[in-house]
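Asker: Read off the chains here:
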Amino acid sequence: MTTATQTIEQFANKEYEWGFVSDIEAEAIPKGLSEDVVRLISTKKKEPQWLLDWRLKAYRYWTTMEEPRWWPNVTFPPVDYQNMIYYSAPKPKKQLKSLDEVDPEMLKTFEKLGISLDEQKRLTGVAVDAVFDSVSVATTFRGKLAEMGVIFCSFSEAVQNHPELVKKYLGSVVPYNDNYFATLNSAVFSDGSFAYIPKGVRCPMELSTYFRINAKETGQFERTLIVCEEGAYVSYLEGCTAPIRDENQLHAAVVELVSVGEGSQIKYSTVQNWYPGDKDGKGGIYNFVTKRGACRGRNSKISWTQVETGSAITWKYPSCILIGDDSVGEFYSVALTNHKQQADTGTKMIHVGKNTSSTIVSKGISAGRGQNTYRGQVKVLKGAENARNYSQCDSLLLGDKCGAHTFPYIEVKNTSSTVEHEASTSKIGEDQIFYCKQRGLSAEDAVSMIVNGFCKEVFKELPMEFAVEAKKLLGVSLEGSVG
Amino acid sequence: MFTKLFAPFDRDATPRYRALREEARARFATLPLPTVRSEDWRFTNIAPLAETSFELPNALMESGPAAPKNKLQFHFLNGRFAPAISSPVPSSISIGSLANAPSSLPLVGKIADVRANAFTALNASFVADGLYVTIPDDVILETPIEIIHYARSDEKPVVIQPRTLIVIGKNARATVVERYFGGQTYFTNAVTEITLSDYGVLDHVKVQEESVSAYHIANTQVVMAAKSNFTTHYLSLGGALVRNEVRVRFDGEHAEATVNGLYLADGKQHMDNFTVIDHAQPNCASHELYKGILDGKSHGVFNGKIFVRKDAQKTDAKQTNKVLLLSDDATINTKPQLEIFADDVKCTHGATIGQLDATQLFYLQSRGIPLEPARRLLTFAFANDIVNRVKIEAIRAEMETRIVR
Chain A
1 MTTATQTIEQ FANKEYEWGF VSDIEAEAIP KGLSEDVVRL ISTKKKEPQW LLDWRLKAYR
61 YWTTMEEPRW WPNVTFPPVD YQNMIYYSAP KPKKQLKSLD EVDPEMLKTF EKLGISLDEQ
121 KRLTGVAVDA VFDSVSVATT FRGKLAEMGV IFCSFSEAVQ NHPELVKKYL GSVVPYNDNY
181 FATLNSAVFS DGSFAYIPKG VRCPMELSTY FRINAKETGQ FERTLIVCEE GAYVSYLEGC
241 TAPIRDENQL HAAVVELVSV GEGSQIKYST VQNWYPGDKD GKGGIYNFVT KRGACRGRNS
301 KISWTQVETG SAITWKYPSC ILIGDDSVGE FYSVALTNHK QQADTGTKMI HVGKNTSSTI
361 VSKGISAGRG QNTYRGQVKV LKGAENARNY SQCDSLLLGD KCGAHTFPYI EVKNTSSTVE
421 HEASTSKIGE DQIFYCKQRG LSAEDAVSMI VNGFCKEVFK ELPMEFAVEA KKLLGVSLEG
481 SVG
Chain B
1001 MFTKLFAPFD RDATPRYRAL REEARARFAT LPLPTVRSED WRFTNIAPLA ETSFELPNAL
1061 MESGPAAPKN KLQFHFLNGR FAPAISSPVP SSISIGSLAN APSSLPLVGK IADVRANAFT
1121 ALNASFVADG LYVTIPDDVI LETPIEIIHY ARSDEKPVVI QPRTLIVIGK NARATVVERY
1181 FGGQTYFTNA VTEITLSDYG VLDHVKVQEE SVSAYHIANT QVVMAAKSNF TTHYLSLGGA
1241 LVRNEVRVRF DGEHAEATVN GLYLADGKQH MDNFTVIDHA QPNCASHELY KGILDGKSHG
1301 VFNGKIFVRK DAQKTDAKQT NKVLLLSDDA TINTKPQLEI FADDVKCTHG ATIGQLDATQ
1361 LFYLQSRGIP LEPARRLLTF AFANDIVNRV KIEAIRAEME TRIVR
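Protein chains in written order, with this note's numbering: chain A, 1 to 483; chain B, 1001 to 1405.
Just so you know, these hints were derived from the structure itself, not from any lab.
Ideal Cβ positions, reconstructed from N, Cα and C, are used throughout, including at glycine.
One or more hints might be untrue.
[Unchecked claim] Footprint (simulated), chain B over chain A, 3 or more residues, beta carbon under 8 angstroms:
#, segment
1, 78 to 85
2, 392 to 402
[What the hints assert, rightly or not] Restricting the straight-line Cα-Cα distance to at most 25 angstroms, the calculated cross-link-like pairs of lysine-lysine (PhoX-like) are:
#, chain 1, residue 1, chain 2, residue 2
3, B, K1069, A, K379
4, A, K167, A, K45
5, A, K379, B, K1318
6, A, K379, B, K1305
7, A, K354, B, K1297
8, A, K382, B, K1322
9, B, K1318, A, K401
10, B, K1297, A, K382
11, A, K401, B, K1297
12, A, K379, B, K1297
Kindly generate the complete structure, drawing on both the sequences and the hints.
Answerer: What follows is the structure, encoded as structure tokens:
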């Protein structure tokens, strides 16, 4: 075994650093899912009748659906949907105006993660809507945002305070009957974030939410809705970490983005580092997420950037429906699978309007016994004249027990469009490591550096703070085989 | 609906392959015909085929001129071998109807697995006739072997089940051309099994010019031993609903496969190209290039799979699909996929879909060539890229004239 391989092995066997359980009393309802549970969630959240009706419609449809099982390189034991708690809120539930009122235990948790609210507030000017389990407990900078007419609050608050907006846009991009997990989410979603950027406003700061799955055996069903009016711009950050668990936890979130007006822009960035399970793949989060954005306005733009390093299984296809003429969709992704992690991720770009364009850059890194699949669809409808797509999917294999797979689906229905897809697979060469070592770098640093270089195109799309975090995360999660 | 044909078929078929037929029929009974719900068939709806009632074909008169002396032509009329109009077989090689195949040829049905695919099982349910080609060790055959299938329905649509077995010995080398054409509505369900021994070389060409209302489903399965070399060119021109499957498996190291295809579709033609390259052994190379030109309301499908098995290190696999859409009513679905389980490999794939390059058109126009001829010239060049790779001069010439039209 070469030194480089040894280093990588050591790297690979690193334990998950962010695993700890913070002891906060949680208010949960009994396990199981039924119509009563859906009603109970709705009642607890004091929701209007129309939302309950929508939830019930989704629930009833869900009972007729089958759990999807057709992915060739993803396997997992059956999920017992009746053995889960569908709602959990941290106990101290009163409205908080400042950080002083936040449970000190919770603040400590955030500090351990290096994302303490004070820190964020003071240093970066990021408004943080921290979702601790399922209910938002602290919202900062809201005053400042309100001045500009930007609404940024938890989903439940939005239901209470801006029901007309929620009613108009909820389910307009991801309908209640979209897919198994989105339908489940529609029935039982607990909370999430809501953002509304009015006409002509450029959101002055990056909006950010930190999700954290905390209570034991709680499936987390977040719902995020972002609406951007004519000429408005917003950049939204989402980052996740979770403590070590024995049982697999299901996370079925739904994110809907609507670029309504002409020239509106939404940038959505994710760093996902949920517990991936231990070396043998025990535990770990099932991340079955539906993310979709609709570019309705002329010249509007939606950009997805994701760095996926966590979760036992990642199933996620942030998509863009390009309806408005000249609208733009982008997808930049880094997905890393390690140990026994499985990822099946990619995007869908549906070109409906004229002169629409989309770019897909996907970087997959497989290590250990990880299975990494890119699955993406580019669909150009007949009316989408002069549509343009460029896709690039690169895979890096570290080790001979992992897998990297590419499944692009391309459909074109007119003559004026151009679609290009390119994919390559490579590994880190012994010579590359040797060169770096010869220049005085350790093998470990060399691997980290090469992988970071491999992902550069995606990292440059991330907002500053995130890019730093993502690089660190990759360094920690890294492992591989060299030659 | 095919099951009612089993009994009449057995009445005048050789009992020789009865065991294989029975096995395949038992299997066929359990395999539903594929639908678009199956991932491998999601872009090809075979409903029109499944809803047609097919009959067993009538024997056609063996008429026509005898095969030219300098050629090796083997004719099949409605799925039956026609020795009277076929060439005599040189003594160095062995070719003939499967019904009379030497008992030392136990490979029939061993390469194309009846368990996996309903249409392969269907073909094997009717195995009796067909052609076997054996090139013994160290024999180098310069003359291309042409296998010509002609099908015709007189009243009701018929189904023919061509079956070919090609065995290339050690250090042997041969060229085989398969040709399919016919008249009216009929269904060709072809299976071709190919095996190459160490250092064997096979250059395979398939010219598919079925009638415009015919159904054509073909499965070509290739198993390659160490250091062998296989090249195929699939040239698809005819048929209403066409599905060409090519499956290549590397069974030894240092083998090399080239799988190229050209599909030209117009009107309401549907052409599905499905390829699987299975890198089961290390140090093998595969190159795949498919090009399609779609006009009218045609529908093209390309689904290429490359598997690189665990430990198949030093694999070099390349896969490209390029499509030219000439009509706004034409549709292309392409799905070039890679599944890689080894790390020391070089795998790339690419797909492009588009139209003629505007700058190239402009350049030609600036040299005084009007737009329409310039278009035709560039379309021709696009298709000819594949044709030029065919090693047989006669086929190149023939295809070039076909493309010009």
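Asker: Each hint should be assessed against the structure and marked as holding or not.
Answerer: Against the structure, the hints:
| no. | hint | result |
| --- | --- | --- |
| 1 | 78 to 85 | violated (count 0) |
| 2 | 392 to 402 | holds (count 7) |
| 3 | B:K1069 with A:K379 | violated (53 angstroms) |
| 4 | A:K167 with A:K45 | holds (16 angstroms) |
| 5 | A:K379 with B:K1318 | holds (24 angstroms) |
| 6 | A:K379 with B:K1305 | holds (20 angstroms) |
| 7 | A:K354 with B:K1297 | holds (21 angstroms) |
| 8 | A:K382 with B:K1322 | holds (19 angstroms) |
| 9 | B:K1318 with A:K401 | holds (22 angstroms) |
| 10 | B:K1297 with A:K382 | holds (12 angstroms) |
| 11 | A:K401 with B:K1297 | violated (45 angstroms) |
| 12 | A:K379 with B:K1297 | holds (17 angstroms) |
Going down the numbered hints, you'll see the structure goes against 1, 3, 11, while the others check out.
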